[in-house]
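A.B. asks: When you get a sec, could you build the whole thing from the sequences and use the hints?
There are 2 protein chains.
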Amino acid sequence: MNSYVIGIDIGGTKLATVVADKDGNILQKVRKPTESEKGPNHAVQLLLGMVNEVLDLGGLRREDISGIGVSCGGPLDTKTGIIYSPPNLPGWDALPLKEMIESEFHIPTIIENDANASALAEARFGGGRGYDYVLYMTMSTGIGGGIVANGEIYHGANDCAGEVGHQILLPDGPLCGCGQHGCLEALCSGPSIARRAQEATANQPETRILALADGQIDRVRSEHVLQAARDGDALAIALVEKTAYYMGWGIANLVNILNPQIVLLVTIAVAAGDLLLDPIRRTVTEMAMQRPREAVKIMPAELGDSIGDLAAISLVIGN
Amino acid sequence: MNSYVIGIDIGGTKLATVVADKDGNILQKVRKPTESEKGPNHAVQLLLGMVNEVLDLGGLRREDISGIGVSCGGPLDTKTGIIYSPPNLPGWDALPLKEMIESEFHIPTIIENDANASALAEARFGGGRGYDYVLYMTMSTGIGGGIVANGEIYHGANDCAGEVGHQILLPDGPLCGCGQHGCLEALCSGPSIARRAQEATANQPETRILALADGQIDRVRSEHVLQAARDGDALAIALVEKTAYYMGWGIANLVNILNPQIVLLVTIAVAAGDLLLDPIRRTVTEMAMQRPREAVKIMPAELGDSIGDLAAISLVIGN
Numbered sequence: 001m002n003s004y005v006i007g008i009d010i011g012g013t014k015l016a017t018v019v020a021d022k023d024g025n026i027l028q029k030v031r032k033p034t035e036s037e038k039g040p041n042h043a044v045q046l047l048l049g050m051v052n053e054v055l056d057l058g059g060l061r062r063e064d065i066s067g068i069g070v071s072c073g074g075p076l077d078t079k080t081g082i083i084y085s086p087p088n089l090p091g092w093d094a095l096p097l098k099e100m101i102e103s104e105f106h107i108p109t110i111i112e113n114d115a116n117a118s119a120l121a122e123a124r125f126g127g128g129r130g131y132d133y134v135l136y137m138t139m140s141t142g143i144g145g146g147i148v149a150n151g152e153i154y155h156g157a158n159d160c161a162g163e164v165g166h167q168i169l170l171p172d173g174p175l176c177g178c179g180q181h182g183c184l185e186a187l188c189s190g191p192s193i194a195r196r197a198q199e200a201t202a203n204q205p206e207t208r209i210l211a212l213a214d215g216q217i218d219r220v221r222s223e224h225v226l227q228a229a230r231d232g233d234a235l236a237i238a239l240v241e242k243t244a245y246y247m248g249w250g251i252a253n254l255v256n257i258l259n260p261q262i263v264l265l266v267t268i269a270v271a272a273g274d275l276l277l278d279p280i281r282r283t284v285t286e287m288a289m290q291r292p293r294e295a296v297k298i299m300p301a302e303l304g305d306s307i308g309d310l311a312a313i314s315l316v317i318g319n
Numbered sequence: 320m321n322s323y324v325i326g327i328d329i330g331g332t333k334l335a336t337v338v339a340d341k342d343g344n345i346l347q348k349v350r351k352p353t354e355s356e357k358g359p360n361h362a363v364q365l366l367l368g369m370v371n372e373v374l375d376l377g378g379l380r381r382e383d384i385s386g387i388g389v390s391c392g393g394p395l396d397t398k399t400g401i402i403y404s405p406p407n408l409p410g411w412d413a414l415p416l417k418e419m420i421e422s423e424f425h426i427p428t429i430i431e432n433d434a435n436a437s438a439l440a441e442a443r444f445g446g447g448r449g450y451d452y453v454l455y456m457t458m459s460t461g462i463g464g465g466i467v468a469n470g471e472i473y474h475g476a477n478d479c480a481g482e483v484g485h486q487i488l489l490p491d492g493p494l495c496g497c498g499q500h501g502c503l504e505a506l507c508s509g510p511s512i513a514r515r516a517q518e519a520t521a522n523q524p525e526t527r528i529l530a531l532a533d534g535q536i537d538r539v540r541s542e543h544v545l546q547a548a549r550d551g552d553a554l555a556i557a558l559v560e561k562t563a564y565y566m567g568w569g570i571a572n573l574v575n576i577l578n579p580q581i582v583l584l585v586t587i588a589v590a591a592g593d594l595l596l597d598p599i600r601r602t603v604t605e606m607a608m609q610r611p612r613e614a615v616k617i618m619p620a621e622l623g624d625s626i627g628d629l630a631a632i633s634l635v636i637g638n
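Respectively, the protein sequence lines represent chains A and B.
Just so you know, we're using the numbering used here here: the first sequence kicks off at 1 and counts up by one.
Just so you know, we're using the numbering used here here: the second sequence kicks off at 320 and counts up by one.
These are computed hints drawn from the structure, not numbers from a lab.
Accuracy of the hints is not assured; some may be wrong.
Claimed, not checked - In silico lysine-lysine, DSSO-like type, Cα no more than 27 Å apart, as pairs:
#1 B:Lys341 to B:Lys351
#2 B:Lys341 to B:Lys398
#3 A:Lys297 to B:Lys398
#4 B:Lys616 to B:Lys561
#5 B:Lys333 to B:Lys348
#6 B:Lys616 to A:Lys79
C.D. replies: Below is the structure:
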């Protein structure tokens, strides 16, 4: 009776293992700090122990588990299960994680990048339930994405599909972390919003944004911009509108290319709600083609903090 | 023994029906002008007769045919098989083409837009053979596209996926046929290349482009630009480079979003060959992310004039 699954969520600061039933109900969970400075072998040994812990907590044996799903920062190769130097996991260079887990537990293991796994979780358990074509977009330190079509992750040639934050909108625009200029990420990520706000604040020191950042320009963050906009600050409202314009432009392109039924936005878009979503929707309506635009909804993602666990188990729960 | 298939290729000026075996070998073909000004019923009656004709020519009966594939300009609904007012087929408004064909022949019929059907044909029989993720892009009067993943067309919510020519690159750029400004199509289609050449030629009347157009600016077409570039004309070379830059920028975005193994370009890109493809490849190398860029080849499509027939039969031939 292998009626249960295990999920492993690997982040740069936290590790989590969960055991769940086949309906996606999380039964037990163990969390530990990644201590990424101690390198990959330390973290993997921790994880293997945490899998045993969560099994013990659930009163389950290895034979009860049909699969292990692992959600981890990319790049990685889903076929071989090898991790290739994610920025948040120093030293995880060509780490054969799937093999390491399978040789320990003899349970089929699927490794997936966190954006894709989260997209699948939203498609199965969250805001994408009931939709055949789901586009999931993160909007925080970076802008990433995952494409789910008919219940399956769209991987692309080498597991890179869904890098929606690196469509270039302004080739002469601000530098992006990827080395290009004017990517959607360089225009709409949290740090990008903060940078634009810092530049604007220098000329308008009376803005409420600056007051919220204790009067210090270098402390201005995207949250201050959103709060100041809610408080009616004109500069903050203009900055939110600008961000929504770029985000809407990028999403309009994606709507034309991918024709999703639903675009699910997380993090900043969830925190900001309609303050950001309404002008994004307006821009998409203005810039996307009529037929694909009529077919799409733009909504906040639904799973919140539980997404990491559900992302991991989504990989090994059948439809 | 239903070992044969029928393909129907519907264009604004020409209709074709073919019968093929299950390996994709075209056995017989019938062609007639669409006479689109006579409306959809005239054309459909012609087509039904042409199906019978091609069956007769092949010495086949209806029972020998396992499926009918129809490649037609979109928009259309692949589930219902209804055609919704393609620009090149006036009066084809909510035309239930699948139902009309099936009620006549009692053979399962699949209707698909021509860009998607052509993408599938290239993936099965042409330059995309052996690749799991194929992106096909037309580059002629307009810029369209089709996405094939693991041998299947990626349709999207309402059969609009692959409108790659309508990603917006320059919102303040030239007007596009879709009503937006600065779409890839408005920058790189044949008429867009001609328009840019006409504008530039007005200030540089000594260019070879103008000589090739009999000295008349309003006769300048994209072919003249390509020929003049081959002849070493500096203005023409600059125009080709500019076109390749926009095309490469758009493809780089698509490489990041879709992570194809191969991008197949047709029409102008085939005619121009490396004159256009080399600078396009250079721009993609400069603008796309490293991992997806390393996984992709950018090549001319292979099927040439036979694509219409193969597009139609691809829809009803198994893998």
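A.B. asks: Against each hint, give a clear statement of whether it holds in the structure.
C.D. replies: Taking the hints in turn, this is what the structure says about them:
{"no.": "1", "hint": "B:Lys341 to B:Lys351", "verdict": "holds, 25 Å"}
{"no.": "2", "hint": "B:Lys341 to B:Lys398", "verdict": "holds, 23 Å"}
{"no.": "3", "hint": "A:Lys297 to B:Lys398", "verdict": "holds, 21 Å"}
{"no.": "4", "hint": "B:Lys616 to B:Lys561", "verdict": "holds, 21 Å"}
{"no.": "5", "hint": "B:Lys333 to B:Lys348", "verdict": "holds, 13 Å"}
{"no.": "6", "hint": "B:Lys616 to A:Lys79", "verdict": "holds, 21 Å"}
In terms of the numbered hints stated before, the structure departs from none.
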